[in-house]
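Listed below, chain by chain, are the residues.
2 protein chains.
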Amino acid sequence: MNPTAAIIIIGNEILSGRTQDININYIARHLAIAGIKLKEARVIPDDPKVIIHTVNEIRAAVDYVFTTGGIGPTHDDITSDCIAEAFGVPNQIHPETFKLLEDYIGKENFNEARQRMAHLPLGATPIANPVSVAPGYVIGNVYVMAGVPQIMQAMLDNIIPTLRHGNPIVSKTWYAYHASEGKVAADLNDIQNQFPQTDIGSYPFYKNEKQNGVALVAKGQDQQAVEQAAKAVYELLIRMGYQPQEGEPL
Amino acid sequence: MNPTAAIIIIGNEILSGRTQDININYIARHLAIAGIKLKEARVIPDDPKVIIHTVNEIRAAVDYVFTTGGIGPTHDDITSDCIAEAFGVPNQIHPETFKLLEDYIGKENFNEARQRMAHLPLGATPIANPVSVAPGYVIGNVYVMAGVPQIMQAMLDNIIPTLRHGNPIVSKTWYAYHASEGKVAADLNDIQNQFPQTDIGSYPFYKNEKQNGVALVAKGQDQQAVEQAAKAVYELLIRMGYQPQEGEPL
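Sequence lines, in order, name chains A and B. Numbered according to the UniProt record's numbering, the first sequence spans residues 1 to 250. Numbered according to the UniProt record's numbering, the second sequence spans residues 1 to 250.
Among these hints, one or two may not hold up.
All copies of an identical chain are treated as equivalent in the list; a pair is satisfied when it fits inside any one copy or across any two copies.
What the hints assert, rightly or not - Dumping the calculated DSS-like pairs for lysine-lysine here, alpha-carbon to alpha-carbon at most 30 angstroms:
| hint | residue 1 | residue 2 |
| --- | --- | --- |
| 1 | K207 | K231 |
| 2 | K183 | K207 |
| 3 | K231 | K183 |
| 4 | K183 | K210 |
Simulated from the structure, these hints should not be mistaken for lab results.
Could you build all of it, start to finish, from the sequences and the hints given here?
This is the structure:
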């Protein structure tokens, strides 16, 4: 069985619409390559009760939990306090991280706010941050990362090799402009039934009246079955009079 | 009290990393303008048990639930069956919708797959789809919309005027290149304490070594308090030697 994962995006700025999240997609793509099944992603507010409850609910349900956001020096960075409370441990100075940040920032500028970033829940192991030094960390099966995409990405790149990998999910996509889901649906269902170990997905796209159509994706762990299902999808599109193109549309 | 809302994004394609979701952000921005507080967004797979459980959990917790995805004609479009089961009603032909689609598609092409889009959970009211006709619908406090962004947006535009609106959330943002969160954090905390009815958010941004800094957002229902808090934020940035600019960075 492939390992499972969930994402918790912590941030009022996503829920208010201020910020378009791009962290879910980056994490999702890298988990898929590692053969780790992403079962859920949640966006939750900067609310201690909600954060603590969500972390405890989700860490019991999957192999790996990834959080982003709320580990900076300002008053609205409350993730570490909440993670500590979720695990029932103190959020306290982590001496190595303290030294690392003090050396980087300079003793005279390493004020109380910045020292918050040197506090980790007891038992956490830091995750290196090559962009701006202040680390993320892992405690239990929870990986706590920054919200700024460039920093989160660098942290995740450090995390991925340490995880148990599963069988990679391979996929093959054919799309066709002006194809109609309703026209291919019955035959597509037959293909799904013919290849039960492969997930057949149908994704209409619509950019404008001229640039629209359907992308059909065959996906699974069995490369040969995916190839065969994709061939059947291709032939279906040809049979219906469309011009299949390989890969993703637009 | 402002009404509350939650979003459920139904779609394997988001969790596999195939598709970058942009529906959460669109819905979030339009809810904010309507003074409706978005409390949570979840991305879940095309799994009937998960969909049914999530819909029932969330519709009990907020005033309005918005789902996207899974209402097309193909075998992987299972949202309506699940919504019906969540509400304990049949998913059956909705005569008006049947007629609408039959007229649009043409009797000879209105096959079994396409007729799936004319099935609504009993008691649902259709939501018009000016892009591709097949409607979304509302049942109880659950608004079921398409996953294709252009269609979802058109449906949401029809929904928003029918909702109970709250006091709009106003916000004002100052940002400064090269500003450091750690340098402003203590004073920013003071500003937050001085304006408890206003949310003060600090959002570092990092595009590259030269284009980085912090955006400081004052947000709330009381316009005057927001303006005053934003003025204090501006003065803080000046005091620290930064060059504040109004609005969002990058």
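Hints, one by one, checked against the model:
For the identical chains of this complex, K207 and K231 are intra-copy neighbours only, at 26 angstroms inside a copy versus 42 angstroms across copies, given an alpha-carbon limit of 30 angstroms. Only within a single protomer do K183 and K207 lie at most 30 angstroms apart by alpha-carbon distance; the minimum there is 20 angstroms, versus 45 angstroms between protomers. For a Cα distance limit of 30 angstroms, the shortest separation of K231 from K183 inside one copy, 18 angstroms, qualifies, whereas the shortest one across copies, 59 angstroms, does not. In the homo-oligomer, the alpha carbons of K183 and K210 lie at most 30 angstroms apart inside one protomer (18 angstroms), although the nearest pairing across protomers, at 52 angstroms, exceeds that limit.
Of the numbered hints stated above, none is contradicted by the structure.
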